[in-house]
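S.K.: Residue-level listing of the chains:
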Amino acid sequence: MRWLLLKDLQILRRSPLVAALLVAYPVVIGILIGFALSGDEGKPRVAFLNEVAEGESFNAGTEGGEFGAEQARDQLCDRVDCLDVSSRAEAESLVRDGEVLGALILPEDLLDRLASLTSLNPEQPTVEVLVNEDDPVKAQLVDDRISALITEANLILSQRISQQAAGYIDLLIDGGTFSVPFLESSIEILGLNAAGEILSAVSAELPPTEREELERVIQFAQEAEENLEFALPLLGAVASPIAVEKDVISGGSTSLDAFAIAIAATVTLMFVTVLLVAGSLALEREENAFTRVTRSAVGAGGLLLEKLALGVVASVTVTLVMLGVLTPFVSIAWERIGLIALAILGGGAAFAAFGAAIGSAAREVRASSLLAFMVSLPVAFLSLVPSGTVSGGVFDALKIFRALFPFDPSLDAMTSALDSSASGIGLPLLHLVGVVIAYTVLARLALRRFA
Amino acid sequence: MSGTTPQAPATAVIEVSAVGYAFGDRAALRDISFSAAPGELLAVIGPNGAGKTTLLSILAGIRDPDSGSVSVPGKVGWVPQQAALYRRLTVEENLRLFARLEECADVDSAVDRMLDQTRLRERRGDQVATLSGGNQQRVNIAIGLLSAPAVLLLDEPSTGLDPRQRERLWEFVNGLADEGTTVIYTTHHLVEAERYGNRLLVLADGENVFDGTSAELHAAVPDAGSHDFEAAFVAFLRERGH
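Quick note, the sequences are listed as chains A and B, same order.
With this note's numbering, letter number 119 in the first sequence gets 119, and the count goes up by one each step, no holes.
With this note's numbering, letter number 103 in the second sequence gets 103, and the count goes up by one each step, no holes.
Just so you know, the hints here were simulated from the structure itself, not pulled from any lab data.
Each hint should be verified, as a subset may be incorrect.
What follows is a list of derived Cβ distance ranges for each label pair [stated by the list, open to error]:
1) B:Pro222 <-> A:Leu445: 48 to 56 Å
2) B:Gln127 <-> A:Trp3: 48 to 56 Å
3) A:Val316 <-> B:Asn48: 48 to 56 Å
4) A:Phe35 <-> B:Glu103: 40 to 48 Å
5) B:Pro47 <-> A:Asp396: 54 to 62 Å
6) B:Asp112 <-> A:Arg14: 19 to 27 Å
7) A:Gly434 <-> B:Glu103: 52 to 60 Å
8) A:Arg14 <-> B:Ala215: 48 to 56 Å
9) B:Asp112 <-> A:Gly301: 48 to 56 Å
10) A:Ile437 <-> B:Asp162: 45 to 53 Å
11) B:Ser67 <-> A:Gly301: 36 to 44 Å
12) A:Ala367 <-> B:Gln127: 34 to 42 Å
13) A:Trp3 <-> B:Gly39: 54 to 62 Å
Examples of chain A residues lying across from chain B (beta carbon under 10 Å, computed) [said to hold, decoys possible]:
14) Trp3
15) Phe290
16) Leu345
Computed far set for chain A versus chain B, every beta-carbon distance over 12 Å [claimed, not checked]:
17) Gln10
18) Arg13
19) Ser15
20) Leu21
21) Pro107
22) Ala115
23) Gly176
24) Leu234
25) Glu284
26) Ala289
27) Thr291
28) Pro328
29) Pro378
30) Gly434
Quick caveat, the model's predicted, so the values are computed rather than measured.
Note that CB positions come from ideal geometry on N, CA and C, so glycine has one too.
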């Protein structure tokens with residue numbers, strides 16, 4: 001069998017285009033994925049135009065402090081990569097050219113409107129968002145990002161206004177100094193507490209007939225004070241009505257980088273291995289060598305095993321090259337090389353068996369390449385559909401469908417190997433063993449009518 | 001069956017006894033029996049679909065007969081109709097690979113012997129894809145001879161070759177027979193069957209309708225009125241309803 005394997009490697013070496021593709025493909029994929037993952041730390045770029053006058057701010061109360069355009073920018077740019085622009089035209093141009101995901105414009109009257117929220121004549125503040133929705137996926141992404149940012153900004157403002165309202169209630173209960181913004185002066189507030197004490201002192205000096213009326217006022221002051229104290233925690237709850245407690249009940253907490261690398265590695269593994277093995281097996285027939293080889297001591301089973309070995313050799317080489325190319329761009333857990341090797345071997349063997357089944361069914365190199373593409377691409381696409389994006393019934397059907405092909409367990413194994421926080425590798429490897437056996441049996445059956 | 005009554009030669013290297021084979025409901029071979037002696041050149045001829053290639057594939061061990069038996073004490077070399085070679089490998093690499101797959105005891109000497117026999121030593125390093133059709137067929141045959149078989153099976157060996165290449169091919173095959181190799185070949189070129197075959201086996205609709213020499217076939221159709229072998233062959237088949 002090893003002589004057949006050496007023969008295939010010799011043939012590969014003498015097929016410059018195929019050999020170049022086998023080397024170039026993982027290198028190109030590695031560089032592309034590397035740039036994509038290391039470019040901007042995953043933050044989308046957003047143009048930021050501030051039309052609020054410099055230095056102007058909104059007093060969000062004693063605990064909220066000043067809130068101006070600078071604070072707004074800090075809040076925003078913590079979540080996205082901000083690109084400051086000086087005019088609306090520049091913002092529009094960047095959005096139109098696709099340089100940025102969207103543009104956020106803080107209008108000139110934003111702070112006045114924010115300040116009005118704590119007055120008797122509130123006006124709703126508005127920010128302007130420019131987006132380019134020529135791509136539905138991008139449009140959905142922009143909508144989600146902007147909605148999240150605005151929700152967060154609303155929550156912050158709500159908290160600050162609640163804090164200010166709580167401060168007013170404190171002032172009403174305990175008394176103190178209140179500064180009036182537009183009058184630039186302060187007034188002393190007595191407070192319900194002090195008012196009650198004064199009234200109690202006055203009440204002791206009054207005749208019983210007049211005291212009764214005053215006692216009712218004192219009683220009101222005490223009840224108002226107690227009830228207003230109850231309002232303080234209520235205001236806090238209104239500011240943050242829902243708290244989130246996240247529990248992961250399925251799957252590990254895989255990092256996005258590790259998942260992206262795992263997808264790139266699995267897709268590379270899939271295309272190289274399936275196409276190579278399917279084409280190589282079909283070539284045995286096109287060269288008329290199949291019957292002569294299988295008539296020898298090697299037999300059809302030996303030839304099939306040799307093709308699986310060829311697929312595994314190609315898988316290991318190509319995937320390691322790709323991960324090596326990725327290393328300067330992103331952190332790869334090379335200390336987990338044992339698990340990575342297991343994932344590549346398992347995935348490589350499964351894709352090789354799948355390729356052998358395709359090659360033995362198609363029987364011609366061109367037909368097998370076409371069939372490999374036509375089957376592999378939709379399977380990979382359907383394997384990446386996340387739960388919750390389709391109905392439960394459809395997702396259950398998808399789970400059964402993708403379990404029949406090597407892509408899903410290979411991706412799971414690769415993700416587990418690359419990321420220690422992902423779920424274990426045992427189950428995906430076991431799944432891959434089943435896939436290898438199933439497709440090897442199918443390929444062996446198809447070889448009966450191969451010659 | 002016409003011609004010489006088939007009797008197993010005293011030193012038969014292959015004996016075929018009542019072999020039958022069917023593709024589904026269609027019988028491809030029916031009750032085929034013959035034997036061959038060392039150095040004999042046996043031509044298997046017949047119309048398209050007569051069962052020639054099926055018979056050779058059974059003799060080569062590629063198919064198992066549905067009935068009957070094939071007895072070959074020694075090794076059998078098989079050469080398919082179309083060159084079964086890896087075109088990206090060189091002549092020597094092809095020979096070496098198949099020598100290993102055939103589990104030859106001494107791979108180097110087997111390859112050397114074949115390079116000499118095919119007179120392709122000077123082109124040993126050339127990729128097969130760069131060889132002419134004739135030379136590719138010589139390598140194809142050489143691979144069938146790697147294990148020094150007692151019987152060599154050639155399926156339409158001269159197909160696609162020009163007259164000069166055909167002449168050189170038969171010169172090579174005759175040389176093998178002279179050295180004691182039994183050669184059983186199928187052909188559509190009746191001239192090749194008449195000229196090079198010591199014996200003819202005529203198959204029609206899966207039956208062995210003649211086993212003898214070309215002279216005996218001529219004699220079997222005296223009314224054919226011609227010395228032309230092809231005319232005699234056609235007349236013979238017509239007489240027997242094929």
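S.K.: List, from low to high, the hint numbers that the structure doesn't satisfy.
M.R.: Going through the list in order, the structure violates hints 2, 4, 7, 9, 11, 12, 13, 16, 17, 18, 19, 25, 26 and 27 and respects the others.
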